[in-house]
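> For the sequence shown, the residue numbers in the working numbering are 6 to 356.
Keep in mind that a hint or two might mislead.
[As the list claims (entries may be wrong)] Straight-line C-alpha distance at most 16 Å; calculated EDC-like pairs for lysine to aspartate or glutamate: (1) LYS214 <-> GLU224; (2) LYS341 <-> ASP325; (3) LYS131 <-> ASP249; (4) LYS290 <-> ASP343; (5) LYS264 <-> ASP132; (6) LYS264 <-> GLU246; (7) LYS279 <-> ASP132; (8) LYS214 <-> GLU150; (9) LYS131 <-> GLU117; (10) LYS279 <-> ASP170; (11) LYS131 <-> ASP274; (12) LYS279 <-> ASP266.
[Claimed, not checked] Pair ranges (Cβ atoms, derived): (13) PRO223 <-> GLU310: 37 to 47 Å; (14) GLY112 <-> GLU164: 46 to 56 Å; (15) ASP69 <-> GLU101: 50 to 60 Å; (16) GLU117 <-> ALA324: 18 to 28 Å; (17) GLU101 <-> CYS137: 44 to 54 Å; (18) PRO275 <-> GLU90: 33 to 43 Å; (19) ALA207 <-> ASP274: 18 to 28 Å; (20) GLY175 <-> ALA306: 48 to 58 Å.
Derived by calculation from the structure, the hints in this document are not laboratory data. Ideal Cβ positions, reconstructed from N, Cα and C, are used throughout, including at glycine.
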Amino acid sequence: MCMFRISRVAVAGAAAALMLAAAGTAGAAPGGGDLSGEVVVSGSSTVEPITSLVGELFASENPDVAVRVDGPGTGDGFQLFCGGETDISDASRAIEEEEVAACEGAGITYTELPVAIDGLTIVANKDLDIDCLDWPQIYGIFGPESTGSLADAQALAEELGSEVDPLPEGDVEKFTPGPESGTYDSFIELTYEDLMGERLEAGAIPADKVGTDDDGEPEVTEPILSDGQFPNDNDIVQRVEGSDTGIGFFGFAFFQENKEDLKAIAVEDPETGKCVKPSAKTIQKGTYPVSRPLFIYPNNAKAAENPAVQAFVDFYMTADNLNATVTEAGYVPLAKADRTASIETWESAGG
Numbered sequence: 006m007c008m009f010r011i012s013r014v015a016v017a018g019a020a021a022a023l024m025l026a027a028a029g030t031a032g033a034a035p036g037g038g039d040l041s042g043e044v045v046v047s048g049s050s051t052v053e054p055i056t057s058l059v060g061e062l063f064a065s066e067n068p069d070v071a072v073r074v075d076g077p078g079t080g081d082g083f084q085l086f087c088g089g090e091t092d093i094s095d096a097s098r099a100i101e102e103e104e105v106a107a108c109e110g111a112g113i114t115y116t117e118l119p120v121a122i123d124g125l126t127i128v129a130n131k132d133l134d135i136d137c138l139d140w141p142q143i144y145g146i147f148g149p150e151s152t153g154s155l156a157d158a159q160a161l162a163e164e165l166g167s168e169v170d171p172l173p174e175g176d177v178e179k180f181t182p183g184p185e186s187g188t189y190d191s192f193i194e195l196t197y198e199d200l201m202g203e204r205l206e207a208g209a210i211p212a213d214k215v216g217t218d219d220d221g222e223p224e225v226t227e228p229i230l231s232d233g234q235f236p237n238d239n240d241i242v243q244r245v246e247g248s249d250t251g252i253g254f255f256g257f258a259f260f261q262e263n264k265e266d267l268k269a270i271a272v273e274d275p276e277t278g279k280c281v282k283p284s285a286k287t288i289q290k291g292t293y294p295v296s297r298p299l300f301i302y303p304n305n306a307k308a309a310e311n312p313a314v315q316a317f318v319d320f321y322m323t324a325d326n327l328n329a330t331v332t333e334a335g336y337v338p339l340a341k342a343d344r345t346a347s348i349e350t351w352e353s354a355g356g
């Protein structure tokens with residue numbers, strides 16, 4: 006069985022199409038239908054649609070294996086994983102130092118496996134007159150100095166060197182992932198982390214948005230200000246669509262599924278000065294500036310002890326699933342060399 010946050014109909018339909026496409030091809034899923042047991046996956050809501058689709062395909066050939074997939078967020082997923090509660094952690098960012106320490110403390114070893122590429126997509130209600138943003142404007146809209154006023158955001162962006170078309174008048178309502186999400190962390194890192202650090206050092210960020218870290222150094226406590234933060238990307242879709250001034254961000258696949266109701270905002274490539282929209286081509290080529298790898302993290306010991314977990318990861322880490330299945334789920338496959346390297350990494354780990 007699988008639990009989903011993306012449209013179950015979409016995932017089931019994609020799985021059926023892939024099963025039909027695979028009919029008559031050589032080879033079956035590892036285990037040849039003789040496996041039983043359970044595979045428990047949790048973590049990123051962005052990676053969840055890929056793993057859910059792989060789970061559907063795997064279960065069709067191994068009906069006695071229950072594949073449970075949930076997407077509370079990358080951070081929450083690593084908490085469960087490093088607590089020994091899951092077999093595999095889906096992640097929309099690489100594991101962080103404190104999570105590494107938590108896993109080490111619990112004696113949990115894992116293998117980091119890139120499975121796809123995602124383009125973080127800034128989306129807006131179709132009535133919002135914004136077509137392209139640069140880093141200063143993104144900071145002005147979402148960052149810790151933002152007010153919700155586009156005039157304020159533009160004034161701040163110009164102070165920080167913005168050169169793209171100015172923002173329109175009016176206010177925006179912002180709906181975003183929350184801190185439990187890897188998408189939240191990745192968005193900051195890929196867009197305005199350096200700029201925010203400079204503003205923090207200059208003392209420009211409001212005092213009520215600044216605290217201290219474990220070493221006593223100043224840090225921004227609210228790096229993204231929004232009108233609502235949600236672990237489920239479908240909630241963001243609904244709210245942006247429902248507000249004439251709605252704006253937010255999430256993974257490319259969720260935009261693809263909802264592109265009839267929302268619009269994607271281009272992002273300026275700071276190296277070329279050109280506005281680039283997210284697409285499968287621009288994300289894979291790396292010309293879309295807000296791109297990131299997506300990962301799964303299998304627990305090595307659980308894979309060795311549980312044939313169902315081992316077989317599931319073996320099935321996941323095949324060229325077909327890292328290409329056709331990733332594409333069918335709405336994401337961008339790794340380049341061929343990167344895909345081969347990821348498969349070989351799992352094989353070297355004992356897969």
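> If a hint holds in the structure, say so; if it does not, say that too.
For each hint, the structure was consulted:
no., hint, in the structure
1, LYS214 <-> GLU224, "holds (9 Å)"
2, LYS341 <-> ASP325, "holds (11 Å)"
3, LYS131 <-> ASP249, "holds (8 Å)"
4, LYS290 <-> ASP343, "holds (13 Å)"
5, LYS264 <-> ASP132, "holds (14 Å)"
6, LYS264 <-> GLU246, "holds (11 Å)"
7, LYS279 <-> ASP132, "violated (23 Å)"
8, LYS214 <-> GLU150, "holds (9 Å)"
9, LYS131 <-> GLU117, "violated (38 Å)"
10, LYS279 <-> ASP170, "holds (12 Å)"
11, LYS131 <-> ASP274, "violated (23 Å)"
12, LYS279 <-> ASP266, "violated (25 Å)"
13, PRO223 <-> GLU310: 37 to 47 Å, "holds (45 Å)"
14, GLY112 <-> GLU164: 46 to 56 Å, "holds (50 Å)"
15, ASP69 <-> GLU101: 50 to 60 Å, "violated (36 Å)"
16, GLU117 <-> ALA324: 18 to 28 Å, "holds (19 Å)"
17, GLU101 <-> CYS137: 44 to 54 Å, "violated (31 Å)"
18, PRO275 <-> GLU90: 33 to 43 Å, "holds (41 Å)"
19, ALA207 <-> ASP274: 18 to 28 Å, "holds (26 Å)"
20, GLY175 <-> ALA306: 48 to 58 Å, "holds (55 Å)"
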